[in-house]
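S.K.: Sequence:
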Amino acid sequence: MRTRATIVGAGQGVPSAGPVKSAARALDLLDEIAANGPGTQLQLSTRLSIPKSSLHALLRTMVDRGWLQTDPTGSVYQLGIHSLVVSSAYLDGDPVLARAASVLDEVNATTGETVHLGRLDGSDVIYTAKRESIHPLRMHSAVGRRLPAYATSLGRALLAELPLEQRRDMVPESIAAITPNTTTDKDAVLEIIERAVVQGYATESEESCMGVRCFGVALPFGPQAVDALSVAVPISRLDNGREDLIIETLLSVRARVAAVNGNSLVR
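Here the sequence shown is numbered in the numbering used here, starting from 2 and rising by one per residue.
Hint data in this document are derived by calculation from the structure and do not stem from the laboratory. No experiment lies behind these values; they were computed from the predicted model shown. There could be a bad hint or two in this list.
Each pair of labels, with its calculated beta carbon distance range [said to hold, decoys possible]:
no. : residue 1 : residue 2 : range
1   : 211       : 96        : 41 to 49 Å
2   : 147       : 96        : 19 to 27 Å
3   : 223       : 113       : 28 to 36 Å
Using N, Cα and C, we set each Cβ at its ideal position, and we do this for glycine too.
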C-alpha cells in the first residue's frame, strides 16, 4: 500500500536544512575572485579546494548566466557583468547611502580631500561610497574594497562603538600587516580604539596605504552604528591647521547625524 509522506517543518522539531552545496560553492567562487583576483580553472580549484571536475560545470553555468566571464583565451575566469548589475542595484537601493550622499559631498567640499563611506561587515570594513580629492595627488581606492577594520580609521571608529569585550573579539590575536606601518600588536590596536572612544574619532597613519593618513567617525544612522565616514589625506599635504579642520568637520557631521536620528553621543 502506498503511503503519503508527511513534510514536517523546522518549527515542529526537525532542524532546518543546511546550506546547499552547489549554491555555497558558487558564492565562495564569487567571493574568492572578488578578493584575490581572476584565475584559471586549476588555480581556482586549488584556491578553493574544490575538485577540478566539480568546478568545471559550475564555471560554465556562471559564465552562461553572466556572473563570470573569461579572458580572450577562454582560460582565465573573472567577475562578469551581472556582478556589476547586482552590486549597482544594491548601492541604488540602500537607504543609508542615499541619506549619506549629502554628507559625503559636504565633507569633500570642505576639505578638498578623498572621502570614503564604509560599512562594518564581520571584522572587516567595506567601502560603500567615495568622493574624490580635488588634488592630483590622492589616495587610490575603490567602492567595494574590503579591509580589516582594525587597520583603518573607518573600522576603528566603528569598533569604538562596540562594548570592550566585543572589540576584543573583533581584533585577531595574530594581525597580518598591510603595510610596514600596520600596528600588529593586539593590545596596541585596542589602545588605539580606546583612544577613539575618548576622542570621538579614529585615526591611522600609513597603516593601510603608504603615504596617507586617515581620520574617521562613526555615523549613527541607527541605534548601532555600522557605517562610518573618513577623510584620507597624503601626509605631504597635511599640517596642523589642515588636520584640525578635518577633525572638526567630521565631528560636526557626526553630531548632526546623531541629533537627527535621536542618538546620544554619550556612551
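S.K.: Is it true that the C-beta distance of residue 223 to residue 113 lies inside 28 to 36 Å, as the hint says?
M.R.: holds, 30 Å
S.K.: CB of residue 211 to CB of residue 96, is that within 41 to 49 Å?
M.R.: violated, 35 Å
S.K.: Between the beta carbons of residue 147 and residue 96, is the distance compatible with 19 to 27 Å?
M.R.: Check passed, 22 Å falls within 19 to 27 Å.
Comparing the model with each numbered hint stated earlier shows that hint 1 is the single one that does not hold.
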